[in-house]
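Okay, here's what each chain looks like letter by letter:
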Amino acid sequence: MGISSVLWQFLVKWLHSSALFPVEASTIAPYTDALYFFLVAVSLVGLAFVTILIFYFSLRYRKDKHPVAVQIEGSTILEATWTIIPLAIFLVVFVWGGLLYFRIYNPPPNSMNIYVVGKQWMWKAEHPGGQHEINALHIPVGQPIQLTMISQDVFHSFSIPDFRVKREVIPGRYSTVWFQATDPGTYHIFCTQYCGTLHSGMIGEVTAMSAADYKKWLDGSTSGTSLAQNGERLFASMGCNACHNGNATARGPNLAGVYGSKLTLTDGSQVLVNDAYLRDAILNPSQHVTAGYAPIMPTYQGQISEDGLIDLVEYIKQLQSNYRIQQTFVTADSNQASPTTPSVGTNQDSVKP
Amino acid sequence: MDNTVATEHPHTHETAVHAEHTHVSLPQHRHHFETVEQQREAGSFGMWLFLLTEIMFFGGLFFAYLLYRNWYYDAFFTASNQLSIPLGTANTAILITSGFFMALAVWCAEVRKKDMLVWTLILTTVFGIAFLGIKYVEYHEKWEKHHIPGAHFDISEFVNPAAHGIKEKPLPPDMAQRTQVFFFLYFAMTGMHALHMIIGVGLLFWLIWRARRGDFSAGYVAPIENFGLYWHFVDIVWLFLFPLLYLINRHPLH
Amino acid sequence: MSSTATIVSLPDQATARLPKRSYLNNEDGLLSWLLTGDHKRIAILYLISITFFFFIGGAFAGLIRLELLTPQPDLVAADTYNKFFTMHGIIMVFLFLVPSVPATIGNFLIPIMVGAKDLAFPKINLLSWYLYVVGGIMVLAALVLGGVDTGWTFTTPLSTHYLNTHVITAALAIFVAGFSSIFTGLNFIVTIHRMRCPGMTWFRLPLFVWSNYAASLLMVLGTPVLAITLVLVLLERVFGIGVFDPTKGGDPLLFQHLFWFYSHPAVYIMILPGMGVISEIISTFSRKRVFGYTAVAFSSVAIALFGFFVWAHHMFIMGVSNYSALVFSLLTMLVAVPSAIKVFNWAFTLQKGSITFETPMLYAFGFLGLFTIGGLTGVFLGSLGMDIHLTETYFIVAHFHFVMVGGMLMAFLSGVHFWWPKMTGRMYPESLSKLAAVTTFIGFILTFMPQFILGYLGMPRRYHAYPPEYQVLNVLSTAGATVLGVGYMLPLLYLGWSLKYGAIAGDNPWQATGLEWQIQSPPLTENFIEIPIMDHEAYDYEWLEQKQKNEVTTVG
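Residue numbers (the working numbering), protein chains in the order written: chain B, 1 to 353; chain Z, 354 to 607; chain F, 608 to 1163.
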């Protein structure tokens, strides 16, 4: 978009230094700010136009100077003008905003996935390598990060103003947001959807670090097991492997490599297997029966926490041909980027329940 | 038009005064209407508008039904099969009959037949109460089978129908849980409908009392007409509720 | 710009008296007021009630701003603060803004403006007031019993499963108050359709009537959906049903759709009557017919119609699909256009007029500026990508206060000042009222302009505590709120004073057109001795001039 001109930098930094404007700390921030400045400019022009009109008419036609009013019915030309011009401007704003929206809510294919669980009144961030944070999020600069988020209780909303991103965190379904940080530093995380008593306490900090610092942090904060390893343990302890064991005669479908694939269900419909599908299939199995299998899977609603579900989803994501790969998984390498997010244009969240 | 200024058209004032005398001949004529016709039209328009608000009111429930039936179709038709078709059909017939008597009552009022008006209103009420009675029976049955949503809801009939002597496919437990959503909508929609019927029956008692006094046998039919509109509306809501709740996937040869 | 010219024309105060018989002294005693069918008395009852609730809601606003002086949560406990903004929202939206112009000025004037003796259903009008009072008492009950902290938006599952405050009482209160609104709207629609006097065609109606008609359509069609939504919330809360609970198969987003399906048209319910007032004011104080009468009339109905199709713009980041977000964003842009049309039409009404700057006109100018800003910032929010950053922050708070307070409340005050002499027969002191208008305007800007900046910085709404770097802007905002409070107190004082000591206004102190100005002040109970016959257009100043020339003015 050609917007990092000297003038732009100057304007933004000057505004920020006067504490009236947030920093631009992500790749998308300049795009948001560009639209904002355009809107401000249009508004100022529009307001100035209306104000000047009103002031001018009020002065020029005040009673002292213009004692007799001239009755004017109207003017179709003027009506058409001030209908079409605002409409045209609003439509430009609509298109621009729509493009920006798609940019903000469609992650690039190589995003690194981090899970966020919101609950009253804290944020839990879970890195695939097993690093867990509360009210904090450490990320590398220059790498697209996708957050897969869910709430354990009520609506929350995850907001990083300096990145210009925000998304509602909903109970019962995943929502996602992505960003790429540009400058190392710490930035506010806010919960922006009223969620009860300590809504204003549900705040935290994003720490953006250089890639090297991030690696150091990862190594230093891991709990020793990755999410997928936790998932493997849960898979066994919940008895999933009784049916999903990859044998030819198994009662449940083979889960190796199923993530990202297109699955045909018993009713003939085809679904894309993404995070939301996996989670839903565990909680509402009778609506997600793979073709050729009987609807005998029990529901785990109420038996697994959202954290547990995330572990399981991560585990299934990692499953390739061998159900036992986790045993050779080296802790130090547990921060590898997760498999690429399925990107066939489907919104991650809108899976048929 | 203004009592401190001499009007320009004194004869208008006279004709208006003359017109005043013919206006107030009917006892039901409210003073702010110029003519009885205007009053009647306004009353009718008001009732139609009110019914429009009722459509919007029920609409929220219908929308929720639309959504959840789409999501949980299996649970919906299985739960729907637990509702009693004979009772539901009887209720439909009863309500239509009640509506018939109400329409007859409107005619009676218009042709000024006082006794027949009272009888048709009474019959409307009787059939309305019969409807509510059958509804009570149905609700009671649901109570006994633990199909009322909430803490005591029991899904065993849906998970294991054979054990309860029911010829249905068993539902997986998670889908069986969704039958609660169906029953919630069943109680909310028929309950809201029943509430409107109870209010209607109450109004009918009042109308019967006034009809016996002869209030509606001298040309003043607006309350009967407008109530008729209300009653028919409640009837129509039921005509939507019955197939949506009772007849989801009924096969005649089932 | 100072001009001593004025169009106010009062009768000679030495000899002027209030009319012997008017709706105020027609009957005596409390019961004659509490059981009245007279739309004017009901309007006064409403005026007293909503003023009462306005100051309670305003007190909560003051407490909120007081807490926000400091970044720390140090004035009250978190739960208490949450109750403050919830009560502020519920009272201001449902007990003040929604009934403000329709139930007071609308009730008083619509029958007179169409040339009728009363509304179509006077008893329902009275019932409407009682429902309002019951709803209001229930809100007060919820307050006294300990308050409710759901936010005025009652978001589930917070309100259904995660709070143990008086949600049921508050929800029932709004349910009852909603029917008050429905009945008012129903009454207006039937009256406007069926009780116009001979010669009063649709296009001879004052634009005030058009605006209230459009708002009434919204009241009648939208409010029942709120009613059923609240019923569902209550049932879920009381019986533990899972209609909005995902663990039981429900969908929390269903609540959002149902709630906003009403609550978006609700904001047009709130603003349209105010726009109607502005049309009357600008016309009267420019001595000119409103420019583009037909355009303004149709744009009111267009706003009402389009207003029904944009509700999901409150849900852009909540998980609606990208494509439905696009549709709602486009429709939101469309609904902005009629408002823009109106603003330009009002501005051009001033052209070649003969303008004076009495208090109602000052409020109208304030409206024009502040509503334009508020409306334009709505375009910011309707733009999808922009909304992601701005939603749920103080930008939203600033936006809706600009349109609701800078717009609607200013219009309400403008209307109250304009029709005060008609309703009471008395004039208020002009210099004090001008002072109040200017104070309000300045206070408002100081209070809410900083909030736009805070919003872009990212400060979330409904926050009890905030990061310290936001403090300066918050302090400015609170300072403005103090000024604003003074500006709102003043009318209470001088309007009350004018009831006993104000100048006698006479029939038509503003020399306005419109049927209400051709009858006595205060009007007779039956409004007209004989039903008028409308033989001229709306805002026909030439007709007025003709009439004034032919008048034989008698004393007493």
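Just so you know, these hints were derived from the structure itself, not from any lab.
All values derive from a computational prediction rather than experimental measurement.
One thing to keep in mind: the hints can contain errors.
[Claimed, not checked] Stretches of chain B that chain F covers, calculated by requiring three or more beta carbons in the stretch to come under 8 Å of a beta carbon on chain F: (1) 16 to 27; (2) 48 to 60; (3) 189 to 202.
All C-beta atoms, glycine included, are put in the ideal place defined by N, C-alpha and C.
Comparing the hints with the structure gives:
Closer than 8 Å: that is the beta-carbon criterion, and the region 16 to 27 of chain B has 4 residues meeting it against chain F, so the requirement of 3 holds. Counting residues of the region 48 to 60 of chain B whose beta-carbon sits less than 8 Å from any beta-carbon of chain F gives 7, enough to reach three: the coverage restraint holds. Counting residues of the region 189 to 202 of chain B whose beta carbon lies closer than 8 Å to any beta carbon of chain F gives 12, which reaches the threshold of three, so the coverage claim holds.
Figure legend: structure checked against the earlier numbered hints; every hint is met.
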